[in-house]
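K.L.:
With the hints as constraints, model all of the structure from the sequences given.
If you read the sequence shown in my numbering, its first letter stands for residue 20, the second for the next number, and so on.
Check the hints yourself; a few may be wrong.
[Stated by the list, open to error] For lysine to aspartate or glutamate, the following DMTMM-like pairs were computed, each having C-alpha atoms within a straight-line distance of at most 25 Å:
#, residue 1, residue 2
1, K229, E188
2, K229, D242
3, K285, D308
4, K259, E237
5, K259, D242
6, K285, D112
7, K259, D230
8, K259, D180
In short, the hints are calculated from the structure, not lab data.
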Amino acid sequence: MSTTTRERRAGAAAPTGSAALRAPDRRTPTRRSRAARTTAMALLMLAPALLALFFLRVLPMITAVGQSFQSTSLATGTTSFAGIENYAYLFTDPGFHAVLAVTLLFNLVLNPAIVILSAALALLTVQNVPFVGLWRSLIFVPAAVPGAVVALIWSTALQPDGLVNSILETIGLPPQPFLTSANQAAFSIGIMVTWGAIGYWMIFIIAGLKDIPESLYEAAALDGAGWWRRLFAITLPLLKRPMSFVLIACTVGSFLVFAPVQVLTKGGPNGATNFIMYDIYNRAYLLNDLGVGQAEVVVLMLLLSIIVAIQFRLLREEKS
Numbered sequence: 020m021s022t023t024t025r026e027r028r029a030g031a032a033a034p035t036g037s038a039a040l041r042a043p044d045r046r047t048p049t050r051r052s053r054a055a056r057t058t059a060m061a062l063l064m065l066a067p068a069l070l071a072l073f074f075l076r077v078l079p080m081i082t083a084v085g086q087s088f089q090s091t092s093l094a095t096g097t098t099s100f101a102g103i104e105n106y107a108y109l110f111t112d113p114g115f116h117a118v119l120a121v122t123l124l125f126n127l128v129l130n131p132a133i134v135i136l137s138a139a140l141a142l143l144t145v146q147n148v149p150f151v152g153l154w155r156s157l158i159f160v161p162a163a164v165p166g167a168v169v170a171l172i173w174s175t176a177l178q179p180d181g182l183v184n185s186i187l188e189t190i191g192l193p194p195q196p197f198l199t200s201a202n203q204a205a206f207s208i209g210i211m212v213t214w215g216a217i218g219y220w221m222i223f224i225i226a227g228l229k230d231i232p233e234s235l236y237e238a239a240a241l242d243g244a245g246w247w248r249r250l251f252a253i254t255l256p257l258l259k260r261p262m263s264f265v266l267i268a269c270t271v272g273s274f275l276v277f278a279p280v281q282v283l284t285k286g287g288p289n290g291a292t293n294f295i296m297y298d299i300y301n302r303a304y305l306l307n308d309l310g311v312g313q314a315e316v317v318v319l320m321l322l323l324s325i326i327v328a329i330q331f332r333l334l335r336e337e338k339s
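P.N.:
As structure tokens, this is what we get:
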């Protein structure tokens, strides 16, 4: 085949210069349309979750902010704009100061205890012990029980003639008032919350333990490092990120504790267990002061936002 013929055929098969320049223009709308269809399909599939997020989270939050600036008359039932009156009343109320103090102290003591116990149980259940799956299941079972049921179980156990006092008497210790003592009521509720939470948070720490490369332990063993040395030099430093997540998420959950207080102590005795969630319920539905109750909800959201910001800060530092 002569050169002239090949060139002619090649010229016939290849697009002309103007056609070659127009070809991307014909393909671009196709890619764009495919991308648009993919986006539309993604939005369609996410629509139920987005609608649920909006109506169950965003809309109530907007409503709470709006109602926190309103006041409802108990005599006429009419609602009027009150400005920052609800916030001014809230922040000058000694009762609210006591609620914040009790809630913050409860979280300050409870959450580190939950993280430490969850980490200890995670470390134990990743060892080669018999029936390890059974122990993990038994530890996790309380996490699957609703909070109200947990409160009912412990309300029976902590009665003056309940199971816990029977055990104390068996080992020679005096019975304790637990839920009727201002010094022990918050501690007793903390035990219930811990019992129901450690199994759930233990799963996250076990996942963090599984991500630690086994080669690090093998290298440490070759260097003669013992169990405690490996724990403090390898395990705990590499568990910092999951433990930070557990600590912050656990703190957010502890701020929302309500069922044990409602079922067992109703904020008492003497306000010892009047945590912020129960105080919101008390102001909004028992005292019928919806404006101040919603202002307290906004304060709670701001506190939780600060905690989430701290969480992202910790995670960013760990990543860097």
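K.L.:
Hint by hint, say whether it matches the structure.
P.N.:
Evaluation of the provided hints:
| no. | hint | result |
| --- | --- | --- |
| 1 | K229 / E188 | 42 Å, violated |
| 2 | K229 / D242 | 22 Å, holds |
| 3 | K285 / D308 | 18 Å, holds |
| 4 | K259 / E237 | 21 Å, holds |
| 5 | K259 / D242 | 24 Å, holds |
| 6 | K285 / D112 | 20 Å, holds |
| 7 | K259 / D230 | 12 Å, holds |
| 8 | K259 / D180 | 43 Å, violated |
Violated hints, listed in ascending order, are 1, 8; each of the other numbered hints is respected by the structure.
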